[in-house]
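> Note that the protein sequences, when read in sequence, are chains A and B.
Using the numbering used here, you'd call the opening residue of the first sequence number 24 and step up by one each time.
Using the numbering used here, you'd call the opening residue of the second sequence number -17 and step up by one each time.
It is possible that some hints are incorrect.
Lysine to aspartate or glutamate pairs mimicking EDC-like chemistry, simulated, CA-CA at most 16 Å apart [to be verified]:
hint, chain 1, residue 1, chain 2, residue 2
1, A, K123, A, D109
2, A, K326, A, D84
3, A, K123, A, E349
4, A, K277, B, E215
5, A, K361, A, E372
6, A, K232, B, D(-9)
7, A, K249, B, D(-9)
8, A, K144, A, D103
9, A, K324, A, E54
10, A, K328, A, E80
11, A, K249, B, D131
12, A, K96, A, E54
Hints were generated in silico from the structure; no laboratory data involved.
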Amino acid sequence: MKRFTAVAGTVLSCLLILWSALPLPVPAQQETIKIGVIYGLGGAAAPYTKPAITGHEIAVDEINAKGGLLGRKLQLVIRDDQSKPDVGVREARELILKEKVDFLMGVIHSGVALGISEVAKEYKKIYLNTIAKTAALTEEKGHRYVFRSASNTVIEGRAAAILMANQPFKRYAVIGPDYEYGHRMVDDFISYLKMLKPGVQVVGEAWPKFGERDFTAHVNALLQAKPEMVYSSLWGGDAIAFVKQAKPYGFFTKTEYMNIAAADLDVVVPLGAETPEGIWGSSNYAFYYPDTPANREFVAKYKAKANDLPPAGAFFGYVGTYFLAEAIRKAKSADTEKVIDALEGLTIETPIGPLTMRAYDHQATKGQYWGRLKRVPEFPFPIMGDVQLIGGEKTLRPVDEIKALRGAK
Amino acid sequence: MPDLSALADPGFLAVQCLNGLTQAMFLFLIASGLSLIFGVLGVLNFAHGSLYMLGAYLSYTIASWFVGSPAAFWVALILGSIGVALVGGIIESVFLRPVYRREELDQLLVTYALVLIISDLVKLAWGAENRSGSRPALLAGSVVIAGRDFPTYNLFVLAVGPLVALGLWLLLRRTQFGRLVRAAANDREMVGVVGVNVTGLFTGVFMLGAWLGGLGGGLAAPIGAIFPGMDVEIIVESFIVVVVGGMGSLGGTLLGALIIGQLNAFGILFFPRFAIVFVYILMAVVLVIRPWGLLGRPVTRG
């Protein structure tokens, strides 16, 4: 009975001994500029992070094809954080100490991002966050070594509030996944909307767990509150399941619905023809807007590499890499402190136009796209109609507000 | 600030109750397979959630072959779940058969390894993107119950659950196969000694359990997202149902699913932010008062 365990144990120990005796990779011979890239590669995060990695790779290939930076090639070292903060922190430490990476990028899970940010501060390495949205990362918990090229919950929440300030709705209900991101996306929307439009009321709230399978009890409870508009911070699979399950309850005829991820490709493509016409949807990136040569070129590059349309993750990976690369070029050095100085206030050209990394809080001026979903003959899924861009410069928290937040800590 | 005025509205109560029942039927279908396999084979099958996920993916893919045909959903549901049963047969005979006589920890390790293997295979075969199936036109609409819209599809699930429960009961109580299965659950050595092909019997039971998981996945495919990782959440919920109802007891699994379905449906009215807590409290109370579950038996297994 115990034999198997004994044999397995012996084999494992042998392997361990062998592995620890292997010569470590030769450090310090810095031929390449190494960038550690960390994402949750499985589960619900995968539809965002797989394209993100492709985005990083496209950028790195482009830069290397032109001879790299400072005569050195860029190299990505990719790790899986399993969307768990402790794993992310461990991977970040290992990337710094063992792989000797020069920079850290990536992360979709807000909790992991906050953890890695602390590691970056401790080891004085730049961590440029590409997808995770919690505003805390660059606001109250911001510091010299953390940057974000993506938008954040304040930008997204306020953008939605600016959009709704001109609409007649007063009775709002809210639904979001029950964790940091889901709550902040709701709080940052409601608090700003109440400022812009006094008299707005929250008449119902629902907090399903992330990855919920059955939303029907929430659907019924939300309808019972008789809202005029339901604001939803569900994303990915949750956003799909909610719409599918709510539809036969007559949900979309009884209330308006706005969802921060409803225009994401990984939501509209699976929903396809079942998407209720006219719901308000947002996305961090749209391959069809703005319809400019730069965006079309990016779409073509992504298609060539991945044989697919680029989702938001692809844009984030690509643009994050270029922020770092342009800063290294400007600093004429890969030295952390010099690159930080170069990144602060840096403006780069991106597929959607220029973006600036704000000097004070290290947050990029990434705007948000909103539109009402409509079917079009060109695609088997709906797209945003009359796209509105609510620019980051309008929605970023002013510097004094951030100072006050940081002071309050 | 929970708003409990909804509880005074009969229409709301009726629909919410049906929502809880629908959820219970899903939980029952999936957890009954887990319970059956544990009851007879004595194996805690961690990979049951993976079989559920496989059922969703297979049904999705089969339905896509018949896209546009009104039969797509039905063919996909039947073939998809049978496909999962076949996969279950392979899993049982290749991976589990050699470890029945080992310690429970070894069996657990094998089924856990299967979770990882199936998860990677699913990613290889279907990629990481979200997918979702379609309801058949017949079940896509809604009916009016107590003055409110209620999805026809949920009514269908409400019918499938009891039908499967009845079918399982008849199978286990009224057939030769069922008698042997129950005998094997009590004393597999003795059943073997009297000349019954226990090996084949176990394979059959595992395939039946896998079929139930696959059917649950196939039913979930048109109303939710299909993605790698959907196996994790369901296995936790199934375990809770089985622990509450009683390991190996099908009646207990049904009862556990019914209670948890209603707790989830009404819990959100009291604590929108902490509704899940009711389920864990229930499980803790059951474990303290009746550690073998509501309808389970205190068994000592050798």
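> Each hint: holds or not?
Here is what the structure says about each hint:
1. With a C-alpha separation of about 20 Å, the suggested pair K123(A) and D109(A) falls outside the 16 Å cut-off, and the hint is violated.
2. Distance restraint check for K326(A) and D84(A): the Cα-Cα separation of roughly 15 Å lies within the 16 Å cut-off, and the hinted pair is therefore satisfied.
3. At most 16 Å may separate the alpha-carbon atoms for a hinted pair to count; K123(A) and E349(A) exceed this at roughly 21 Å.
4. Restraint check: the Cα-Cα separation between K277(A) and E215(B) comes to about 31 Å, which exceeds 16 Å; the hinted pair is violated.
5. For the proposed pair K361(A) and E372(A), the alpha carbon gap of about 21 Å is over 16 Å, so the pair is violated.
6. Taken as a hint, the K232(A) and D(-9)(B) pair is broken in the structure, with Cα atoms around 26 Å apart against an allowance of 16 Å.
7. The straight-line distance between the Cα atoms of K249(A) and D(-9)(B) is roughly 13 Å, inside the 16 Å bound, and the hint therefore holds.
8. With a CA separation close to 21 Å, the supplied pair K144(A) and D103(A) exceeds the 16 Å bound.
9. Simply put, K324(A) and E54(A) have alpha-carbon atoms about 27 Å apart, too far for the 16 Å limit, and the pair is violated.
10. Between K328(A) and E80(A) the CA atoms are separated by roughly 9 Å; this keeps the pair inside 16 Å, and the hint holds.
11. Annotation: proposed proximity of K249(A) to D131(B) holds, straight-line Cα distance about 15 Å (limit 16 Å).
12. For the hint linking K96(A) to E54(A), the alpha-carbon distance of about 7 Å falls within 16 Å, and the restraint holds.
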